[in-house]
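Could you put the whole structure together from the sequences, leaning on the hints where they help?
These are the residues of each chain, in order.
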Amino acid sequence: MDAILLQVLNGLDKGSAYALIALGLTLIFGTLGVVNFAHGALFMIGAFVAVTLQRVLNLSIETIDPDKKDFLGNPLKVQTPYVEAWFGESAGQVIIGWSVPLAILAVIPIMLLIGFVMERGLIRHFYKRPHADQILVTFGLAIVFQEIVKAIFGANPIQTPAPEALAGVWNLGAWLGLSLPYPAWRIVYFVFSAIVISGVFAFLQFTTFGMVVRAGMADRETVGLLGINIDRRFTLMFGVAAAVAGLAGVMYAPINPPNYHWGMDFLVLSFVVVVVGGMGSLPGAVLAGFLLGILESFASTTWATTNFPGINQIIIYLVAIVILLARPRGLMGRKGVMEE
Amino acid sequence: MFGLDKKDARTFLFVIAITLLAPFILNPFPTESALAQFNAGYPDLMQRFVIFGIFAIGFNILFGLTGYLSFGHAAFLGVGSYAAVWMFKLLSFNIIPAIALSIVVAGLFSLAIGYICLRRSGIYFSILTLAFAQMSFAMAYSVLSNPSFNLTNGETGLQVYASDPQYLKGNGPDITHLFGLEMNSTTTLEIGAWAFQFNAGFYVCAAFMIAAFYIALRIFRSPFGLMLRAIKTNQTRLNYTGLNSRPYMLAAFVISGMYAGLAGGLLAATDPLAGAERMQWTASGEVVLMTILGGAGTLLGPVLGAAFIKYFENIFSKINDTVLHTWFSFMPESIENLLVAIIHPFVGKGWHLTLGLMFMLIVIFLPGGLVDGGMRIWNRITGRSRTQTDPVADPKPAE
Chain A
1 MDAILLQVLN
11 GLDKGSAYAL
21 IALGLTLIFG
31 TLGVVNFAHG
41 ALFMIGAFVA
51 VTLQRVLNLS
61 IETIDPDKKD
71 FLGNPLKVQT
81 PYVEAWFGES
91 AGQVIIGWSV
101 PLAILAVIPI
111 MLLIGFVMER
121 GLIRHFYKRP
131 HADQILVTFG
141 LAIVFQEIVK
151 AIFGANPIQT
161 PAPEALAGVW
171 NLGAWLGLSL
181 PYPAWRIVYF
191 VFSAIVISGV
201 FAFLQFTTFG
211 MVVRAGMADR
221 ETVGLLGINI
231 DRRFTLMFGV
241 AAAVAGLAGV
251 MYAPINPPNY
261 HWGMDFLVLS
271 FVVVVVGGMG
281 SLPGAVLAGF
291 LLGILESFAS
301 TTWATTNFPG
311 INQIIIYLVA
321 IVILLARPRG
331 LMGRKGVMEE
Chain B
341 MFGLDKKDAR
351 TFLFVIAITL
361 LAPFILNPFP
371 TESALAQFNA
381 GYPDLMQRFV
391 IFGIFAIGFN
401 ILFGLTGYLS
411 FGHAAFLGVG
421 SYAAVWMFKL
431 LSFNIIPAIA
441 LSIVVAGLFS
451 LAIGYICLRR
461 SGIYFSILTL
471 AFAQMSFAMA
481 YSVLSNPSFN
491 LTNGETGLQV
501 YASDPQYLKG
511 NGPDITHLFG
521 LEMNSTTTLE
531 IGAWAFQFNA
541 GFYVCAAFMI
551 AAFYIALRIF
561 RSPFGLMLRA
571 IKTNQTRLNY
581 TGLNSRPYML
591 AAFVISGMYA
601 GLAGGLLAAT
611 DPLAGAERMQ
621 WTASGEVVLM
631 TILGGAGTLL
641 GPVLGAAFIK
651 YFENIFSKIN
661 DTVLHTWFSF
671 MPESIENLLV
681 AIIHPFVGKG
691 WHLTLGLMFM
701 LIVIFLPGGL
711 VDGGMRIWNR
721 ITGRSRTQTD
731 PVADPKPAE
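Protein chains in written order, with the numbering used here: chain A, 1 to 340; chain B, 341 to 739.
Just so you know, these hints were derived from the structure itself, not from any lab. Note that beta-carbon positions come from the ideal geometry of N, C-alpha and C, so glycine has one too. A few of these clues could be false.
[Unchecked claim] Partial chain A-side listing against chain B, Cβ under 8 Å, derived:
id: 1; residue: V35
id: 2; residue: A132
id: 3; residue: I143
id: 4; residue: I148
id: 5; residue: P309
id: 6; residue: P328
id: 7; residue: L331
id: 8; residue: M332
In structure tokens:
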């Protein structure tokens, strides 16, 4: 029982990342009809926003401490981060420690901006071009993003620790009578992604803006004829999708040290998730994200890998192949949407 | 001639001439001059030109003719390489059985994958091929290299060891050869300040490429090729006329898979090792780029694209800060440093950034590729109207 629950938990954090990226992909595909191969790169950029903020907060002022001397008797130089100098030592350390959650505040405007610029500057010109062209140009963009990040931050993974209060282990099952110690940050990640996902759904479901967007997804032309500037709203949705990917990336940084080819690693899997969930179906993307994450974690157990060596690496693809062949529109895809 | 009409025969002869004279054409600068680093006429690079030319020609049969964008063709190349190295390990260093097996294995592999992937079209097809290629990559990297069943030798890559059986080797040479002609034997011809290198491996690969080009040419002009173009233009209508388009698609997929296998086999033949990274999806992206850059659906495009990319990859990644400083040394130091700082991220290790930008620019502004661009310029010069260009190469307007 414990073991099963543990695997489910293991699957949830990766599944959350898949679900968030796939949600963004589906939003873009559902609204603009564009296949965005650069979406994984947006996820990666989000993670590097966290890295950047951590570095910025650690920028230090160098002072000479008159009280301390090194072993030669020279005064010792002390590095004090600016935030500690400004807000006092304890408050400064808290700010530095919480840099990853703080990066959430930074990542939303940054990703919205990147999303707008991307849509207005590039994607807009590709609506009427074939899907192959869209794939190719966003693929090129993904390479460019990836190489820029590599040029700035280098090719090695960068450790981005979580706040100390959330870096430990929580015994989650204590109140169920089970012993289930689990890294706290992963639970935080799952809760966070659940909040983001419900936020996006609430936005689409309960606001007038969301209603118009949904109407536009169903029949863009008619909404346009009603005198609504649907293009502008879709541009905003592109920004929202980019922001969701960025948020997923920021919070994922402590789980797995970010490196520049993260985007590509997650992109391929997220596309598989979208396809399994059903192209254009938002709930499908979320459901498939969590399902495949959990499935992957079960496939990584020692039992599975000893009986079926390598199953953990290919399980997602296998599932995708089976789904695509048996139920081409995916788990929750609408009939007739991108089915051929 | 060769069953080709006059125009095609001219194209074919042009390709033969360019390929056979490549050691001269690619070596325009004297060996000792400062520009010698732009020379491409050395065996290793020339071999890659023709090998990736074969890969791109094959990919073009699928993508250029039918419009199905496969993102997993590197898997077939990788499989071909593995098959060839296994032949070296088991039989001898003769390349003929190795290449034969690599084509056959890649063909069977693409038959299996194509059978499944071709049930879908559009982006589903792209994603399915991508998924299969990543799966093959993951398996080659880890699963298939456990101690009890070591097919791929994992991270190290498959290579030939002295302890391998090599049943047919006898007292044949210890490096890859074609019935005794060693692949790395090179004759150098020195004329004045120039040194031209003639490499056996290059000419063997070139012969394969010429044959591959000829077959592609025949496919393009055949009823089969016409059927593939019909699929690209309007598959639904084709289905409504009562034709089952899937066997044609599958044939095209397998043919292009076999081309990739041939390229993989030749890669192993020039350098007998095979690694999983050849199957990674970045490698698949590269062949897509080669085809697009040269011009998808055109005959010469893929070859040009492959040569273009491999050339710039080689030249750009060789340029480092020292080279840049010598270039700009005539300028005042501050401007020199500024220029070097600006160019630095795009060359050397940053070559992929240039590649990505190039990729985007080509897709945005020149969807027809280099061939189409050249054609437009040519028509501008000669004053001919654009209606005479090949309708297949003609891109749709951007908006």
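A quick look at each hint next to the structure:
1. V35: holds (5 Å)
2. A132: holds (4 Å)
3. I143: holds (3 Å)
4. I148: This interface hint holds because 7 Å falls under the 8 Å limit.
5. P309: Since the shortest Cβ distance to chain B is 5 Å, the answer is holds.
6. P328: It holds, given that the least Cβ distance between P328(A) and chain B is near 7 Å, below 8 Å.
7. L331: With a minimum Cβ separation of about 15 Å from chain B (threshold 8 Å), the hint on L331(A) is violated.
8. M332: violated (16 Å)
Consistency with the previously given hints fails for numbers 7, 8, ordered from lowest to highest.
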